[in-house]
Structure formats: C-alpha cells, structure tokens
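Chemist: Using the hints provided, position chain B relative to the given structure of chain A.
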Amino acid sequence: MSELLRIENLHVSVGEKELLHGINLTVNSGEVHAIMGVNGAGKSTLLHTIMGNPAYTVTEGHIFFRGEDITDLTTDKRARKGIFLSFQSPVSVAGITTENFIRTAKSIISGKQQRLFPFKRLMKQRMTELAMDESYAGRYLNDGFSGGERKKNEILQMRILDPALAMLDETDSGLDVDAVRIVADNIRKYHTENNALIMITHLNQLLKFVPPDKVHVLIGGRIVKEGGAELVDEIEDHGFDAFKSEV
Amino acid sequence: MADTKKRSEVSDINRSIYDIKDEVSYSYKADTGLTEEIIREISAKKEEPEWMLKKRLQALKIYNELDIPPWMPDISELDMGHIDTYVRPKTDMKARWEDLPENIRDTFDRLGIPEAEKKSLAGVGAQYDSEVVYHNIQKELEEQGVIYVDFETAVKKYEHLVRPYFGTLITPSYHKFAALHYAVWSGGSFVYVPKGVHVNMPLQSYFRLNAPGAGQFEHTLIIVEEGADCHFIEGCSAPRYNVANLHAGAVELFVKKGATLRYSTIENWSKNMYNLNTKKAVVGEGGHMIWVSGSFGSHVSCLYPDTVLRGDNSTCEFTGITFAGKGQCLDTGAKVEAYGKNTSININSKSISKGGGEAVYRSVVHIGPHAEGAKGAISCESLMLDDESRSDTIPDIIIENDDIDLGHEATIGRIPDEDIYYLMSRGLSEEDAKAMLVRGFAEPISKELPLEYAVEMNRLINLEFEGAIG
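Residue numbers (full-length UniProt numbering), protein chains in the order written: chain A, 1 to 247; chain B, 1 to 470.
To be clear, the hints were calculated from the coordinates, so they are not data collected in a lab. Do not take every clue at face value.
Partial selection, computed: residues in chain B whose CB lies under 7 Å from chain A [said to hold, decoys possible]:
1) HIS135
2) CYS329
3) GLU418
4) LEU428
5) SER429
6) GLY440
7) GLU443
In silico EDC-like links for lysine to aspartate or glutamate, alpha-carbon gap of 20 Å or less [as the list claims (entries may be wrong)]:
8) B/LYS447 / A/GLU99
9) A/LYS77 / B/ASP432
10) A/LYS244 / A/GLU18
11) B/LYS447 / A/ASP143
12) A/LYS77 / B/GLU431
13) A/LYS208 / A/GLU31
14) B/LYS326 / B/GLU285
15) B/LYS326 / B/GLU77
16) A/LYS77 / B/GLU430
Looking from chain A toward chain B, a few residues come up when the C-beta cut is under 8 Å (computed) [what the hints assert, rightly or not]:
17) ASN53
18) PRO54
19) ILE70
20) LEU73
21) THR74
22) THR75
23) ARG80
24) LEU85
25) VAL91
26) GLY95
27) ILE96
28) THR104
29) ALA105
30) GLN157
31) ILE160
The beta-carbon is built from N, C-alpha and C at its ideal position, and this holds for glycine as well.
Excised from the complex, chain A in its bound form (with noise of 0.2 Å):
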C-alpha cells in the first residue's frame, strides 16, 4: 500500500474567511475513506481544494499526491495526475454532448486519442452497468438530467476515466435505494487495491454498501475524531453532537 494522498495542516479560505483551520489526511491506495459531518461543517471544501476549486484560497499547509507537492497546481493538472471529483452539483453544458465530453476527458487524461467506435462499446457497456439508458450518451451534458441522473453521470465518468483518487460529494443525496445500490455496484467495481476512495456524506446510505476503512468526522473545519467503520454506526446512533464537545 502505497501513500496516494497527503494533506499537512491544511488552512483553507474564501476571501477573508476561514473555513478549514489545519487539515491533516493521509490516504494509501487501496483503502476506502468516509468523511463524515453536518452541514457546512468544511466536507465539501475540503474535496474542492483537493481538485483545485480557485474559488477557494490555501493560507497555509501543502497537498501532496504520490509524493508531489500539488498546492500550486490548476485543476486540470490535478485530474491528468487521476484525481477525480464527483460533483454534488454537476453543471450542465448545452451544445456538448456526454459521450463527445467523457471521450475528450478521457483522451486528454490517458493521454490517448479515444477512437470513436471502441469508445462507443466501453461507454455502452459501463452506461448498462449503471442502468442509464443509452440515449443519455447522445444528449447534451446534464441538459434536462434529473438530480439522480447527474449523479450517475458523474459516475459513469468516474468508472471510465478510471481515477487514481476518486472523490465523491454526497453521490447518494437525490437517489432512490434502488439507484443507490447500482452506484454502490459500480463503485465496488470500480475499487481495486491501486486506487483509493474518499466519500463525504452526511446520510450513511452509501456507506452500508461501501464500508469504508477510515473515518473522519469533521466539525467546524476540523477533524475531531477518526477511526474505523465503527464510526459510522455510532453516528448513527447518536447523531453528531457527541463529537461537538471534542472541538
């Protein structure tokens, strides 16, 4: 198991406020990471400066991937490097369709040019394992998607970019069980022991199907607690107050 991830004393910011107040975080390959927490509580700034948002200032602290200090980088270097993020809110883009976008991500992240009619097979095959019907390929990316759609879109992208870090922002928020237990599949599918996971939820749908190896609960910016999958019942059991008290 190698170190894939690592965040030192990460101070995070969006114009003069602070929201994250030194973050530290190491993810191996091969493991499955759940960070856990309320509502504004820092999750999804915490995945966003790892992909790069510019909306969002590092003060201090550094980011490292597979050894490599990537504070500085664009987002796009990031993802040519395997991070991925799935979106809570994916945009839509009219004009561009989602087979015509995930094939030039996919050419421009493997470095090489996806020729039309195998790509055609893979994308097929990985929208039937998600239950997406076909047409959605030849539609315009997220364009009149439902909520459920767009999750499964973006892991539709994640299983065929096939990611180093996949980071997933609240993919259960907006599906049924059902769709719920598909992205689950596809997420378990997706895991081997070269690749790594982080999931932010504040539900614990996905996680019954995808047991995560670590826990992170973070409150107010910070990381008050971690532990095993134990974690995640206990939460459960008692809601998040238990944890306010460690801050």
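Modeler: Coordinates of chain B only, in the frame set by chain A:
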C-alpha cells in the same frame, strides 16, 4: 515549452490559409476613387447593354446624394477616394479548374473549394476580386432548366430573366452602399430554378478578394419559381492587408409560391474589411425563406438580411452567429416585413464577443396592418468572454394589427466560472474548457451550417482561444 511556442505564433496561425497573398497582377485597373468616367469604363469593359450603364450612372447620382446612415458603426477610416473600385484579374472565366492560372487555382485549392465540389455540391462559382473566374453546374440540373452562371453572362445571355428583377428588390436608394453597389457592381451569381424543380445538392459561390485596397461588389440574384427548391451557399474570404478593403455586395432573392430557398453564408473576411452587404428576399404564398449566417471576419460588418413575407402563409427563418474578436465591430441581425396573412417568423441569433470585440444585434420586425395571424419567435443570446468586450441588442418591433403572436427573448451573459472549473476537473485546460463551452453555445447554429463550414467554425473558435489565456 510547446505551449509557449504556440502562443507566440497564434496571430499568424489564425488565418494562415486565408492570408497567403497572391502576387498582384492585373490586366486592367481602373483609377482609384469613384467618378462617372470610371463607371463608363467598367461598363465598356464588360460590353454591357445600354440599360445597365444607365442604371449604373443613375445609382452613382443617388450615391453622391445620400448620406451614410447615422446609426452605423464608425466607418470614418473608409475613404472611397482611395478604394480601387474595379480590379480585373488576368484570366477569362473557365469551366475547368485546370484551366485557371496556377496562382488563382492554388488559392481556391487551399480553401478546399474544388474538393468540396467533387464531394457535395451541385454547382460552384468562384469569384476572384471583381470577376467570376470559374463556374460549373451539374449536367442533370442544366437539363432540367436550372441556370447557374456568373452575373456578367446572365446580363447578356438571360436578359429576359435578369432585367425584370435586377435592382427591383434592393433599389439603389435603399441606402448609400446599395447605391454604390449598383454603380460599380461586378461579378456575382445568377440562379434560376424553374417551376417544380428540386435542386438536391447545394450550389456554392465562393468570393475571394485578393487585391489590397480593393472593393468587391458582386451581385447575386436568385429566382426560385413556384414549388421549386434550392440551397445556395456563399463563402467569403480575403488575405489581410494594411489598407482597408470594402465589400458591398447585393443579394436579391425571389421565392415564389410554395417555393423554398435556403441561403447559407459564411463570411470570414480579413480584419481590414468593411463588410457593408445588403441582402433581401421576397416570399410568395406558402413559400419558405431560410437564412443561415455565420459572421466571423471583417473589421466592421453591417449585415441584416431582409425578408418580405408578401404571400399568405409564407415563412421566414433566420439563424445567425457572430463572433467579434479584437478590433472588430460586427453589427448584424435581421429584418422581416410581414404583409401576407398567417405568416411565420423565426429569428435565432447568437453572438460572441472577445478581446475588446463589439457584437451588436440589430433587428426590425414589422408586421403590417393586414398581416393578421402572424406568429413569431425572436431569440438573441450574447456571450461576452471578458470585461473589455461589448455586446448590444437593439431590437425594433413594429406591430400594426391585433391578431398576432410574437415572442422576444434576449440574454447577455458570460461563461460561468463553475462551468469552466467542472470541465477542468475532467482534465481540460482552461483554454480548451472555454473553447468547448463556446462551441456548445454556438452548436444550435453550427449544426445548421454545411458540414465543412461547421468544422471550419469550430476550428476558428479553437484558434481564437489558443494562447489567449495565461
């Protein structure tokens, strides 16, 4: 390092295939500026009938009397006294590409015209500066009575068809540049589609202006008789010079009862061009006029295809896209005049401005007092890519009866940062992400363009973004 190299070269790469200048050699060149003597000379060289010379001289008089429309973009740098109004290239018209002089043939080869003709066109005309140098049409169409010839030939050979229509839809008094056009017109195409004939493949005319400081004033006249249909494509380009060039063509389209005409234009003049072009169509009962228009080049453009819906149940559809970059002011739009009953009007316009470019949407929709039952939808969307650029929407709607249903929608916006970030999170560079979003914005229009032009448009958008950032 590769990136850096590309960036430094971008302004050259941009228009490389258009910018290759051919050596300037002419058999005849009129005096610079515009006088009655010049017009008489032009007419004599063309061995025109007397009525045409009269028309020219009458137009010159109107030209001298009219002022430049006050609402136009600034064209003060354009000095008519320094524009060669007539430049004749050193070749006669040919019907085989092989017969053209090598330099002219090379130009059209680089632009891909002969290849497109082989693959997907029913007929091709190519104009080099003031004269049409190539014209050809498929035999089957000729046998059905379809006429597609250069305008000089049309005036002499098909006078009975040309004379009753020429200058009747766009009159010399329409505006100053229409008058200029009729005084000095040269080249262009004439198309006649007889009753009930369907022209399955498009006819294409390509206009190339090579001489520095010259003008191109081609006249296009298309008559689509009852129940017939036709698709006409016009493409325009010019290499870049430091002196101003002027394009003041006129396009007159006559769409008869139950006929359909689709008129597609891709204009990619060089950025020293004043493109003051006039287009107008009149549509008979149950006829359809479809405009597809892409404006990318020129320094200043004023272009508002005008459709007169004269017949009952006639329709007009206008789809246009304008891309104004650095140093460009593209003032484009459409005009529709509905006089028949139950007409239908659809205007769909998009514009993109970047690098200080100025894109203006200007339109007039006039629904007359007896045009009951008119239905219409007007939509114009503008995208500004930076803080220096400018976008204006100036719609004018005049409605003179109660029984109509017309909607107007206009939006002006920017590319949202979150869209760029989302695409970048999938590995696209900022430039690629922006180019993809702009292509997506333009897609509803580009899919209406002939394939090779749609590809060309995407290429232009991509090139516009290379090296633009960072």
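Chemist: Now tell me, hint by hint, if it's right for this structure.
Modeler: Each hint, compared with the structure:
1. HIS135: B/HIS135 check fails; min Cβ-Cβ to chain A is 37 Å, beyond 7 Å.
2. CYS329: 26 Å, violated
3. GLU418: Since the shortest Cβ distance to chain A is 6 Å, the answer is holds.
4. LEU428: 6 Å, holds
5. SER429: With a closest approach of 5 Å, the B/SER429 hint holds.
6. GLY440: Where the cut-off is 7 Å and the nearest Cβ of chain A is about 3 Å from B/GLY440, the hint holds.
7. GLU443: 3 Å, holds
8. B/LYS447 / A/GLU99: 17 Å, holds
9. A/LYS77 / B/ASP432: The hint holds at about 13 Å.
10. A/LYS244 / A/GLU18: 19 Å, holds
11. B/LYS447 / A/ASP143: 18 Å, holds
12. A/LYS77 / B/GLU431: Since the Cα atoms of A/LYS77 and B/GLU431 sit roughly 13 Å apart, the hinted pair holds (cutoff 20 Å).
13. A/LYS208 / A/GLU31: Judged against 20 Å, a Cα distance of about 16 Å means the pair holds.
14. B/LYS326 / B/GLU285: Since the Cα atoms of B/LYS326 and B/GLU285 sit roughly 44 Å apart, the hinted pair is violated (cutoff 20 Å).
15. B/LYS326 / B/GLU77: At roughly 17 Å apart (the allowed maximum being 20 Å), B/GLU77 and B/LYS326 satisfy the hint.
16. A/LYS77 / B/GLU430: Cα-Cα ~10 Å, so holds.
17. ASN53: This interface hint holds because 6 Å falls under the 8 Å limit.
18. PRO54: Given a least distance of 7 Å, the restraint on A/PRO54 holds.
19. ILE70: Where the cut-off is 8 Å and the nearest Cβ of chain B is about 14 Å from A/ILE70, the hint is violated.
20. LEU73: 11 Å, violated
21. THR74: 7 Å, holds
22. THR75: 4 Å, holds
23. ARG80: 5 Å, holds
24. LEU85: 5 Å, holds
25. VAL91: Holds, about 5 Å.
26. GLY95: 3 Å, holds
27. ILE96: Since the shortest Cβ distance to chain B is 4 Å, the answer is holds.
28. THR104: 7 Å, holds
29. ALA105: 4 Å, holds
30. GLN157: 7 Å, holds
31. ILE160: 10 Å, violated
When held up to the earlier numbered hints, the structure conflicts with 1, 2, 14, 19, 20, 31 and fits the remainder.
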